[in-house]
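Chain by chain, the residues run as shown.
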Amino acid sequence: MGNNGINYIHPEFEVVRDQDKCIACRVCERQCANEVHYMDEDGVMRADNSKCVNCHRCVSLCPTGALKIVKSDHTFRPNGNWTPQIITELYRQAGSGGVLLSSMGNPTNLPVYWDRLLLNASQVTNPSIDPLREPMETVTFLGKKPKEIVRDEEGNIVNNQTPQIRLNTPIMFSAMSYGSISYNAHASLARAATELGICYNTGEGGLHEDFYQYGPNTIVQVASGRFGVHKAYLEAGCAVEIKIGQGAKPGIGGHLPGAKIVGDISRTRMIPEGSDAISPAPHHDIYSIEDLRQLVYSLKEATEYNKPVIVKIAAVHNVAAIASGVARSGADIIAIDGFRGGTGAAPTRIRDNVGIPIELALASVDSRLREEGIRDNVSVVVGGSIRSAADVVKAIALGADACYIGTAACLAMGCHLCRSCQEGKCNWGIATQRPELVKRLNPNIGSQRLVNLVNAWTHEIKEIMGGMGINSIESLRGNRLMLRGVGLNQKELEILGIKYAGE
Amino acid sequence: MMSQNILHKEGEVRIPSGCAISGIFSKSGKKVNGREIIKSIATMHDRSNGLGGGFAGYGIYPQYPDAYAFHVFYNDEDSKARCEKFLERHFDVINLSKIPTRKVAAITDEPLIWRYFVTPLHIKLMQSQLSEEEFTKRCVIHINTQLDGAYVFSSGKNMGVFKAVGFPEDVGEFYRLEEYDAYSWTAHGRYPTNTPGWWGGAHPFDLLGLSIVHNGEISSYDANRRYIEMFGYKCNLLTDTEVITYIIDYLANEKKLTMEEVASVIAAPFWSTIERMPQKQREQLTYLRNTFASLLITGPFSILVGFEGGMMALNDRLKLRSMVVGEKDDTDMVYIASEECAIRVIEPRVDRVWSPKGGEPVIVRLNPDAKV
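Residue numbers (my numbering), protein chains in the order written: chain C, 28 to 530; chain P, 10 to 381.
Some hints could be false.
[Stated by the list, open to error] Cut-off 30 angstroms, straight-line C-alpha distance, at most; resulting in silico cross-link-like pairs (DSSO-like, lysine-lysine): (1) 133/P <-> 174/C; (2) 36/P <-> 174/C; (3) 258/C <-> 172/C; (4) 243/P <-> 171/C; (5) 265/P <-> 174/C; (6) 172/C <-> 243/P; (7) 243/P <-> 174/C; (8) 36/P <-> 243/P; (9) 171/C <-> 337/P; (10) 264/P <-> 327/C; (11) 243/P <-> 526/C; (12) 327/C <-> 289/P; (13) 289/P <-> 172/C; (14) 146/P <-> 172/C; (15) 171/C <-> 264/P; (16) 328/P <-> 172/C; (17) 366/P <-> 337/P; (18) 366/P <-> 518/C; (19) 243/P <-> 328/P; (20) 146/P <-> 171/C; (21) 166/P <-> 243/P; (22) 107/P <-> 174/C; (23) 289/P <-> 171/C; (24) 264/P <-> 172/C; (25) 174/C <-> 264/P.
[As the list claims (entries may be wrong)] The calculated label-pair distances, taken between Cβ atoms and stated as ranges, are: (26) 138/P <-> 348/C: 55 to 61 angstroms; (27) 518/C <-> 138/P: 38 to 44 angstroms; (28) 103/P <-> 145/C: 50 to 56 angstroms; (29) 292/P <-> 155/C: 30 to 36 angstroms; (30) 472/C <-> 292/P: 37 to 43 angstroms; (31) 145/C <-> 110/P: 28 to 34 angstroms; (32) 348/C <-> 117/P: 25 to 31 angstroms; (33) 518/C <-> 188/P: 52 to 58 angstroms; (34) 517/C <-> 48/P: 51 to 57 angstroms; (35) 186/C <-> 48/P: 47 to 53 angstroms; (36) 290/P <-> 258/C: 33 to 39 angstroms; (37) 106/P <-> 145/C: 48 to 54 angstroms; (38) 490/C <-> 108/P: 47 to 53 angstroms; (39) 518/C <-> 117/P: 57 to 63 angstroms.
If you're looking for bench data, these hints aren't it; they were derived computationally from the structure.
For glycine and all other residues, C-beta sits at the position ideal for the given N, C-alpha and C.
Go ahead and model the full structure; you've got the sequences and the hints to work with.
Listed below in structure tokens is the structure:
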């Protein structure tokens, strides 16, 4: 294959085992789907570092704490331009001739604007509010707002509202398909969303029949491959999402290898076992904005105007103008996915170089929709990547109605961000279909951890809002005076629509 | 002439302020002299710091009931000439004069203060394809945003706002308020945390007879501002009062909500309260809260909203600012103030005094048979 017996790739990580602590119980060996650990002829546990992805499964399960994973200090001659990663990836491609694949979100060292935004608090001139003593409201409705107030003959206001999604807190689990993640991961998300009074999203993999019971808290996705889409599916959820793009891979489709199209996944996706599930890059019935309008209304017709329609786009250069078009297309909600959004698999070069930060995209979309007087036409949901309650608060202050979390949800279920989802050997039972791995994720525990996470964030959101003297989330929405920037230039401040700290 | 203050004036910087408010309303339409409202607000002297005071009186111009009374501040003769040219192009000016004032030692740096009674020029109104109110509103907003040095601070019919930088009792003295009689008065004493040095920044804030005095600092300001600006309003002063006035104008005059409904939008009941309500009421309040979510006002406020034929008093939903209401039955009078002393000083024998709950509007209107 062009390597000629030479190994160009030195392992990135080293498994360090404290042989004094190791009791040779072989848990690590059994737990590692990558087959890193083995016992040698003398009964001593050894490791093949080249197979380690640093997922910490063995470390977390070692009963004696004998293991740790360290980054190899093996080095190339230091070079600020040709970094070890670039050199290694180049070797890999020279060996294989293939496109590099990656998963999860863009890990590069580009600016994280959330970390350059600071929040306000009340002092003297108005009181902060204590969420332990006063009501603090996070209920959020997603959907269009009516343009006219209509009254009946008796003068009562007529409810002319289009369908809405009601969330107890402005956080939803973003789209991750059954196939890219496991049955147990889906079960965890669905149950947690139901308990929390929020929504999870099927992604483009259809909806397993076991999960129809969670319909009121399910957003069903329609993407370019139309996998698993049928009438009952559309009617099962509380909203339908048209996926145009994804922050991790704007402009390209998806590819779930035939090896993963087994059993229930094949049934749910409505494609034959073993066949690759290839989602085209564009929707082949949407080549322009007027086509989007037709798909929006086709889906509304199919669901008898009972479900709001979400249009999900990736944050790209012209995002404000695109969002403005979407807001006039009949869509009820726009979801924008930033360039750090996660994925089960994407070409590395696309993931790391295409798209723009969600903070800037959100700010310019919200400003544009207001300038055009159409902000009420749609709700705005953002994701990619929201890492904490503080990010949620900042997103809402910039103008978002709610946030999507994907990576954070995976982390709650046990993901250690080893970024190897594309291998299908997730030791945590999330991004895999191997039954012996899937069963490691107990949906009772997975859903409880998700519920804990979202509850914890909601407590923090309330605490932060109370400090600002705000006791309802809608008064935070678009309230950019609550934000100040640090380490930003004039142009960045202008796009974000905020002042510098101290101003 | 205005002094060239090195500090920023209203509109260039956001200035939080605390305050005193007071209102007198005669349901029978009997006129109350301006001395009364001065006496009431003066009692709460310590709630202001001399950086702004003002009054609004309704029913003060019975001689011109159908004309818009514009009260205008000018920086200089040039700005006056420019503004008058604009007024002549758009309105029939029935009467114009300086607003009578007297010298008061504590009031300095006064601008030129003029009053115009106007009606829209028929042909201009037709061309604009707007209602009379909308046409006039846009003209006022045009002057205030486009004509440098001119500021219309009062524009209602048969009502007027009088305001200045100073303690409210001095402001009342300055404007010779004893020469005016109104069925409805509101007053304001300001305690800003900065030196605005500009008369336009004092309260009440008025737009076509919808006037507001406000005590508080709202935490929802930028959410409210960025929303309301979608509908043609321009928040130039960056004050709470300005944005609250626009919100109420939008809801009451554009969306035709009742004042009760307006109150349930800007000081909405908590969801937990709404959920306990009977179905019909629950649905209506859920609809209003959802539809006008961005017009919820949070943070402390107590406001008096003056409008033609009525007055509304409203506290924020947590009642983070004091406000009491007093009623006297035999005279059909209603008194509302930040402190009870401001009521007792003008009517010691009120029949009832109570504190409205947070978010509970107190709306008083002229009796059906009242003459004003």
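Hints, one by one, checked against the model:
1. 133/P <-> 174/C: holds, 29 angstroms
2. 36/P <-> 174/C: violated, 36 angstroms
3. 258/C <-> 172/C: holds, 27 angstroms
4. 243/P <-> 171/C: The given pair, whose Cα atoms are some 24 angstroms apart, holds under the 30 angstroms limit.
5. 265/P <-> 174/C: The hint holds at about 13 angstroms.
6. 172/C <-> 243/P: Distance of about 22 angstroms is within 30 angstroms: holds.
7. 243/P <-> 174/C: The given pair, whose Cα atoms are some 21 angstroms apart, holds under the 30 angstroms limit.
8. 36/P <-> 243/P: violated, 34 angstroms
9. 171/C <-> 337/P: Not OK: residue 171/C and residue 337/P at ~47 angstroms, beyond 30 angstroms, violated.
10. 264/P <-> 327/C: Judged against 30 angstroms, a Cα distance of about 28 angstroms means the pair holds.
11. 243/P <-> 526/C: The given pair, whose Cα atoms are some 19 angstroms apart, holds under the 30 angstroms limit.
12. 327/C <-> 289/P: Roughly 28 angstroms separates the two Cα atoms, so the pair holds.
13. 289/P <-> 172/C: holds, 20 angstroms
14. 146/P <-> 172/C: Distance of about 26 angstroms is within 30 angstroms: holds.
15. 171/C <-> 264/P: holds, 17 angstroms
16. 328/P <-> 172/C: OK: residue 328/P and residue 172/C at ~29 angstroms, within 30 angstroms.
17. 366/P <-> 337/P: holds, 20 angstroms
18. 366/P <-> 518/C: violated, 46 angstroms
19. 243/P <-> 328/P: holds, 28 angstroms
20. 146/P <-> 171/C: The hint holds at about 29 angstroms.
21. 166/P <-> 243/P: holds, 22 angstroms
22. 107/P <-> 174/C: Roughly 44 angstroms separates the two Cα atoms, so the pair is violated.
23. 289/P <-> 171/C: holds, 22 angstroms
24. 264/P <-> 172/C: holds, 13 angstroms
25. 174/C <-> 264/P: Measuring from Cα to Cα gives roughly 9 angstroms; hence the hint holds.
26. 138/P <-> 348/C: 55 to 61 angstroms: For residue 138/P and residue 348/C the Cβ distance comes to about 30 angstroms; the hint is violated.
27. 518/C <-> 138/P: 38 to 44 angstroms: holds, 40 angstroms
28. 103/P <-> 145/C: 50 to 56 angstroms: holds, 54 angstroms
29. 292/P <-> 155/C: 30 to 36 angstroms: The hinted range 30 to 36 angstroms holds for residue 292/P and residue 155/C, with Cβ atoms some 33 angstroms apart.
30. 472/C <-> 292/P: 37 to 43 angstroms: holds, 39 angstroms
31. 145/C <-> 110/P: 28 to 34 angstroms: violated, 47 angstroms
32. 348/C <-> 117/P: 25 to 31 angstroms: Roughly 52 angstroms apart at Cβ, these two residues miss the hinted range, so it is violated.
33. 518/C <-> 188/P: 52 to 58 angstroms: holds, 56 angstroms
34. 517/C <-> 48/P: 51 to 57 angstroms: Holds, at about 52 angstroms.
35. 186/C <-> 48/P: 47 to 53 angstroms: holds, 49 angstroms
36. 290/P <-> 258/C: 33 to 39 angstroms: holds, 37 angstroms
37. 106/P <-> 145/C: 48 to 54 angstroms: holds, 52 angstroms
38. 490/C <-> 108/P: 47 to 53 angstroms: Hint holds: Cβ distance 51 angstroms, inside 47 to 53 angstroms.
39. 518/C <-> 117/P: 57 to 63 angstroms: violated, 43 angstroms
This entry does not satisfy hints 2, 8, 9, 18, 22, 26, 31, 32, 39, going by the numbered hints stated previously.
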